[in-house]
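Work out the full structure, taking the sequences as your base and the hints as a guide.
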Amino acid sequence: MTVGEVAEMLGLEVLTGSEGLEREITGGYASDLLSDVLAHSQAGNLWVTLQTHRNVIAVATLKDLAAVVLVNGRAPDAEALAAARQEKVPVLGSQLPAFELVGRLYQMGIRGTS
Amino acid sequence: MTLALFKADLHIHTCLSPCADLSMGPRTIVDKAAWEGLDVIGVSDHNSCENALAVVQAARQKNLRVLPGMEVTSREEVHILAIFDHVEQALWLQEVVYDHLHGENDAEAFGLQAVVNEDHDVVAFNNRLLAGATELSIEQVVDSIRDLDGLAIASHVDREAFGIIGQLGFIPAQLRLDALELVGNTCPEQVSRRSPPCARFPFVRSSDAHSVEDIGKVSTSFLLVEPTTAEIRKALRGQEGRRVLLGDITVGGSVAEKQVVG
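One line per chain: the protein sequences are A and B, in this order. Here the first sequence is numbered in this note's numbering, starting from 95 and rising by one per residue. Here the second sequence is numbered in this note's numbering, starting from 146 and rising by one per residue.
If you are wondering where the hints come from, they were derived from the structure by calculation, not from laboratory data. One or more hints might be untrue.
Claimed, not checked - Below, a sample of chain B positions facing chain A; criterion: calculated Cβ distance under 8 Å:
#1 D244
#2 D251
#3 A252
#4 A254
#5 F255
#6 A278
#7 A306
#8 G329
#9 A375
Unchecked claim - Residues from chain A that face chain B, not an exhaustive set, calculated with beta carbons under 10 Å:
#10 E116
#11 S129
#12 D130
#13 T155
#14 L156
#15 D171
#16 A172
#17 L175
#18 R179
Just so it is clear, CB atoms sit at the ideal spot from N, CA and C, and this is done for glycine as well.
Okay, structure coming up:
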């Protein structure tokens, strides 16, 4: 399943990085601690978080994640948005809380990495 | 005993911080601080103090006190500002931090980490993951700072990212913080209303400058005998006539104007 397909099925808003929508997703990871994401996420993962600052994009780039999904209708900071645009990291927005969003992703067949 | 006003910006990053401008060299910082009428600045890079001595040296000929320090990231990803009188104290803290900080920096993702001398020559690039979190709990970070006789201030409590309220939602009861820092226009009453435990602490304002133009944009004036951490702590506690004047108070130019008999 690609980033774009997930975005469409769940009605996620593509905030930036539409050039990355064709990328195949390898799984999902949900966490709000950057150090945890650095340690445990895997390349191609969809990262679900409520953090909206610039370092989120740095971590996504470093770990080669497929996309960042912001929950609860949160918007990225201006700096984060600029960095995401530059690094071509798709940032998607959902109105759902994290638990709800992850549940739906799981129902769609997206799994975490254990 | 003569008390005087000291205008301080206790939270300034140098080009060692991956997220700071490379133009943040010692002389640039010191010159801008003097131009802004600051009497005291704190040097606080993320999880490192390797540029602190260079800034102290750059300020030698200036009427500016540089307090070396660091902004430590706890394992809860809360930023805590450490402020010392002497570089040696900061280096002791750095040793503790380095023992508990893992990973290598990726300059493309996080930015360059330039270690410079007072003339802004690049001496080395630090390759630790300074943008990362240490394994130290917030209590361990604050205790390490206090045990080294430093001031421990919770950074930017009015900002969600990496602020103690944003990350934890509360302030642990036994945490030995000296103060809480505001970086925006938020007033302490607003913060305390939103998060009542904040009302227990004194507040300071600083710029958290990552680029030259932000230095001194926000500051705190302290009524002190001399610009040391012990005096600042007295001011934070309102002891012996020392006081904190929160906000952006412009202090008059001459020394005479600044002196208040206490």
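Now for the hints, and whether the structure bears them out:
{"no.": "1", "hint": "D244", "in the structure": "violated (16 Å)"}
{"no.": "2", "hint": "D251", "in the structure": "holds (5 Å)"}
{"no.": "3", "hint": "A252", "in the structure": "violated (11 Å)"}
{"no.": "4", "hint": "A254", "in the structure": "holds (4 Å)"}
{"no.": "5", "hint": "F255", "in the structure": "holds (5 Å)"}
{"no.": "6", "hint": "A278", "in the structure": "holds (4 Å)"}
{"no.": "7", "hint": "A306", "in the structure": "holds (4 Å)"}
{"no.": "8", "hint": "G329", "in the structure": "violated (13 Å)"}
{"no.": "9", "hint": "A375", "in the structure": "violated (34 Å)"}
{"no.": "10", "hint": "E116", "in the structure": "violated (23 Å)"}
{"no.": "11", "hint": "S129", "in the structure": "holds (4 Å)"}
{"no.": "12", "hint": "D130", "in the structure": "holds (9 Å)"}
{"no.": "13", "hint": "T155", "in the structure": "holds (5 Å)"}
{"no.": "14", "hint": "L156", "in the structure": "holds (4 Å)"}
{"no.": "15", "hint": "D171", "in the structure": "holds (8 Å)"}
{"no.": "16", "hint": "A172", "in the structure": "violated (13 Å)"}
{"no.": "17", "hint": "L175", "in the structure": "violated (14 Å)"}
{"no.": "18", "hint": "R179", "in the structure": "violated (15 Å)"}
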